[in-house]
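2 protein chains.
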Amino acid sequence: MTNSKALARERLVSAAADMISRRGLSAMSIRELAKHAKAPLGSTYHYFPGGKSQVASEAIRFAGNTVAQALTEALEAGPVKGLRHFLGLWRDILIRSDFQAGCPVLSVATEEPAGEEGLAALEIAAAVFDNWESLLRDSLQLHGARKAPAAKLATLILASVEGSIAMCRARRSIKPLDDISSQLEFMIQLAISK
Amino acid sequence: MTNSKALARERLVSAAADMISRRGLSAMSIRELAKHAKAPLGSTYHYFPGGKSQVASEAIRFAGNTVAQALTEALEAGPVKGLRHFLGLWRDILIRSDFQAGCPVLSVATEEPAGEEGLAALEIAAAVFDNWESLLRDSLQLHGARKAPAAKLATLILASVEGSIAMCRARRSIKPLDDISSQLEFMIQLAISK
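Residue numbers (numbering that gives the first Met the number 0), protein chains in the order written: chain A, 0 to 193; chain B, 0 to 193.
Extracted from the complex, chain A is given alone in its bound form:
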């Protein structure tokens, strides 16, 4: 695949992730995706012969990898800096979309899987949550937290970030995400100073 074709394909996958985060998986269609990405309908079918199921799986995986890469880099400066970057990333998505977009993995995880495409997407969503959580957990352990508390704190961080994304969208306000940050930083400091 040439570079420009690979870029066009990635733009579609990225647009699908954005769309799933806005409307959920069941409300997403190839036709709407083409419109959303301002791409010809034919090219969408060309790049994704597996249809919606293929697009959805790739979109969740893409979102998972994009966030994981940014989180991995940010965690190199320690778990507190990593957390700040993680929160900043969702903050940007919420504010730039006027609270219309959020986390596509959260959207998939709050929908009963419809058919095989739903089940596949849900399995990928679970793997993405696992991945983000393990990045947080490993960083906490690397900086001195014990294994079991590090794992539980990583769950608390991810759960409260995902939950606050939903609260921010309902309220059209960034306050819930901002309000959890200092408390999570406190918990991290406590875990790594033990």
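Check each hint, because a few of them may be wrong.
When chains are identical, the list treats them as one kind, so a pair holds in a single copy or across two.
Dumping the calculated DSBU-like pairs for lysine-lysine here, alpha-carbon to alpha-carbon at most 30 Å [claimed, not checked]:
no. : residue 1 : residue 2
1   : K37       : K4
2   : K80       : K174
3   : K51       : K4
4   : K51       : K34
5   : K34       : K4
6   : K80       : K146
Hints in this document: simulated from the structure, not taken from any laboratory.
Dock chain B against chain A, hints included.
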């Protein structure tokens, strides 16, 4: 309205809340609701002349009030007992539905509102989150927490509970919800002992 009619109506509202928690708001329809609640389609239109928009608004409000009532009662024994009851309530919904159902307010909050019915539902979702959060906050304050930290901790509790509901559904496991509980209890003890 006679008692049996009021009961039939409430059964439909309750079924709608369950359905929204499973599939989201946009995937819910009056036809599917009648099927889900094993009620005649005609009765559904009879009780809800405003259609899907009316059912959705009432369903989110119903779920909000049901949880608020249980939470208020449980918080009478203090914020830790209240939290345990709140977690237990979601635990039951997740396990009994084999991780297919969750929180209808979370579902509405993760969907871009489609048309007026979506906007109305989203506004009610925001009000329900506010209500649950203020019940937690007031209980924390009543038991000795200072105002600002009590409000922030209430946000953290609600955000992490909602986020862990999504994580439990993705993983088909109750572990995320169980893993946040002792950490939230610790934060509560810390806030009220200051």
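Against the structure, the hints:
1. For the identical chains of this complex, K37 and K4 are intra-copy neighbours only, at 15 Å inside a copy versus 50 Å across copies, given an alpha-carbon limit of 30 Å.
2. Taking the shortest Cα distances, K80 and K174 sit within 30 Å of each other both inside one copy (20 Å) and across copies (27 Å).
3. Taking identical chains as interchangeable, the C-alpha atoms of K51 and K4 lie at most 30 Å apart only when both belong to the same chain, with a minimum of 19 Å there against 43 Å between chains.
4. Proximity of K51 to K34 under the C-alpha cut-off of 30 Å is found in both arrangements, the shortest distances being 14 Å within a copy and 27 Å between copies.
5. In this assembly of identical chains, K34 and K4 lie within 30 Å of each other by CA distance solely inside one copy; the values are 18 Å within and 46 Å between copies.
6. For a Cα distance limit of 30 Å, the shortest separation of K80 from K146 qualifies both inside one copy, at 20 Å, and across copies, at 28 Å.
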